[in-house]
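Asks: The listed protein sequences derive, respectively, from chains A and B.
The first sequence: position 87 = 86 (numbering that gives the first Met the number 0), numbered continuously.
The second sequence: position 348 = 347 (numbering that gives the first Met the number 0), numbered continuously.
Note that these hints are calculated values from the structure, not bench results.
Treat the numbers as computed from the prediction; the structure is a model and nothing was measured.
Do not rely on the hints blindly, as some may be mistaken.
Under 10 Å between C-beta atoms, here's a sample of chain A residues computed to sit facing chain B [stated by the list, open to error]:
1) 20
2) 29
3) 34
4) 37
5) 116
6) 131
7) 137
8) 140
9) 147
10) 151
11) 152
12) 166
Label-pair distances were calculated between CB atoms; the ranges are [to be verified]:
13) B:27 <-> A:117: 37 to 47 Å
14) B:151 <-> A:38: 26 to 36 Å
15) A:118 <-> B:452: 52 to 62 Å
16) B:138 <-> A:117: 27 to 37 Å
17) B:288 <-> A:110: 40 to 50 Å
18) A:96 <-> B:494: 55 to 65 Å
19) B:480 <-> A:88: 54 to 64 Å
20) B:374 <-> A:53: 25 to 35 Å
21) A:46 <-> B:374: 22 to 32 Å
Glycine is no exception: its CB is placed at the ideal position from the N, C-alpha and C atoms.
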Amino acid sequence: MATLTDQALALPPPAELPRPRTLLVGTAYATVAAVTAFVGLFGVYFAERAAALKAGTTWIDTGTISLPPGGMMLTTMVMSTVTMAWGAYAIRRDDRSHAYIALGLTALFGVAVINQTIFNYKSMGLTVVGKDASVQALLIFTITGAHLVMVAAGVIFIGLMAFRALAGQYSSRQTDGVVAASIFWYATVAVYTIIYFGIYVAK
Amino acid sequence: MTITESDAAATTTTAPSVTTAVQPRGLYELVATGDHTTLGRLYVLVSVAFLAVVGVLGVLSGAEKLDTTTIDVFGGVTSAWQTFVAFRVILVFCGVLPLFIGLATAVVPLQVGSPAIAFPRAAAAAFWAWLLGAGLLVGGFAADGGLGEAPGLTDGTNPDGVALTLLAMGLLIVALLLASVCIATTVIALRTPGMTLRRVPTFSWSMLVAGSVWFLTLSVLFGRIVLAYVDYTHGRTLFGAEDALYDQVRWAFAQPTVYACAIPALGIVSEIVPVAARVRQRLHDLVLVAIALFGLLSVGSFASASDIADTFVFIAVGFVIVVPVLALFGAWADTLRQGMPASSGPVGAFALALLGAVALFGGVVAGMLNVLKPLELQGTSAVDGHMTIVLLASVTIGVAGAVYWSSKLTGRSVAEGLARLAVLPLVGGALLAGGGDFVAGFFDQPAGLVTTAVRDGADAMNIVGLIGYGVFAIGALVVLVAVARTFVPSGSYAPVDPWDGHTLEWATGSPPPVGNFREALPEVRSERPLLDLAENGGAA
């Protein structure tokens, strides 16, 4: 005679959740659009830089941009990729407490990058206003400012997905939101990596 | 051959009663709606109204060219320049792109068998942001702003108006990209079971291609506008200088980028031709590949750099892009060889689509001539003429789509007589308006605002161009009246499938009910499920 436990074990598995992947696909498209905008801006930056160097002039004087703040930002962003991956890993295993910690840390790193960017702005010897305004300053502030917006959007996105996970919307059966947020965040880090090496280091 | 799992009744009885259709009551419901059909019809109505405005702007610009040595129509050279720029910017961002996006917002979810568009609230936000951006854009131009001054021709602009114009363009691009995300995601992620990408209807496919291309071009344009805005409102070092603003965006209105506006047009023609001919689209896979290739070649972000006219890529793209268009004409001709349109079919839409496609082909050929180095047409008005032909031909095909799917947009079909009445003004206007400028380029008339004497032949072509703009404006007004009439409540709704359509949008009500389809759709097994059903006499 079958016991209650046997009957419970004999139950069919739950129906597979519909997984239309809309959020993943939509985020992928939005990320492509955002990254392409940066590609266009980088193209303008490097074209102007190449023209200046070809003309024999200096593009950015040594000491105008201090490297340590930029390096700290890069380190922070790289750390955030680890915590973001940790968040996605944890949600896939229904490890909700670690998922919250990881997503919270990623958002915190994002806020730190925003803070560091503002500090960097204040320490840079560049301006876009007045007689000292320059094309270099314009391009750097526009590119890094746009990246600042992207980081802020990423932090909001991660926060929203974390709250949804808190509400039980995301779990091992449905991880789309957290994975979508991670796609956008990795793109944000990739863009900053180009900013760091292409603008801050190469000058 | 069987293409659906259900019998005919299962598919053909999905027509809902009109009481189940989505009809927002009151302003709040209209503003708050996430219904894709409502949003689509709003896009179409407003964009057609903007096209009529564009026609008037074209007439004014054309009239100014009658005597190029003086400024007769406008108060000053800057006003003339702003009208020249406004024609382009409004045509693309308030006319062509939103017309296609509106059609896609309404039709694509139906075509792929989805109960809704992906991210309906984002789609609603995109529409209202676009409407706000369009209003701000018009405000920017009206406030003596626009995109600064013509190079070398300065008589002052309103800085706040210029800043507002740049902001409005940025907002428009964000809104259109957001709408494109919703549409492309619908095609990728919300297709009904059995509908592989190869079985996606050609219009939905073209919107997927177009959306992908727009992500790669409009976002670069957005970056340039941000750069111009920051510079304009601060140091005006380079990109934001008064006479350099238009240079930041000019590439978006020239080849190859301008072709990106025409991608959905190819999908619309490919939808209408086989339905009008009452036969299956021949060489369906070739059509999909040709549209994708056309889209690939219209990624023109690289053209944002200056001095690209002599580069190999620019010249090669100008030539190669003729190939997919020829392939499409071959597929359409082969389809029409199997069956000719009947008078009971979508004759008005068919004529608009096919003749619009002929005009578009003329534009592509003009583009090919433009890149021919020995002709030395770069920098002449031939470049402007090419843009005009491509965009106005695309508009004509977009109007064909609005006529064809009008019963799905509003529940009422566009009057066939009005649709047929609009054919010659739109097609003829597109060819004359663009052709005038294009041929004037052979007489060395410069591109942009012309303020110097031109040769006799160019004078004559400017008259032809003015006639073209006037005729097109009349056609746009006819279309506006025809579309607006479908918004007026009347006693009867259009039938579910007035054209014996082939794709899933014709398996639901006019207008569609809440959730689009009353019952779960059977598995799709070909790209033309309703045609398969008809060919099998409704048998499974």
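Asks: The structure should be examined with respect to each hint, and the outcome stated for every one.
Replies: Now for the hints, and whether the structure bears them out:
no. : hint                        : verdict
1   : 20                          : holds, 5 Å
2   : 29                          : holds, 6 Å
3   : 34                          : holds, 8 Å
4   : 37                          : holds, 7 Å
5   : 116                         : violated, 16 Å
6   : 131                         : holds, 9 Å
7   : 137                         : holds, 5 Å
8   : 140                         : holds, 7 Å
9   : 147                         : violated, 12 Å
10  : 151                         : violated, 15 Å
11  : 152                         : violated, 12 Å
12  : 166                         : violated, 18 Å
13  : B:27 <-> A:117: 37 to 47 Å  : holds, 41 Å
14  : B:151 <-> A:38: 26 to 36 Å  : holds, 32 Å
15  : A:118 <-> B:452: 52 to 62 Å : holds, 59 Å
16  : B:138 <-> A:117: 27 to 37 Å : holds, 33 Å
17  : B:288 <-> A:110: 40 to 50 Å : holds, 47 Å
18  : A:96 <-> B:494: 55 to 65 Å  : holds, 58 Å
19  : B:480 <-> A:88: 54 to 64 Å  : holds, 60 Å
20  : B:374 <-> A:53: 25 to 35 Å  : holds, 31 Å
21  : A:46 <-> B:374: 22 to 32 Å  : holds, 28 Å
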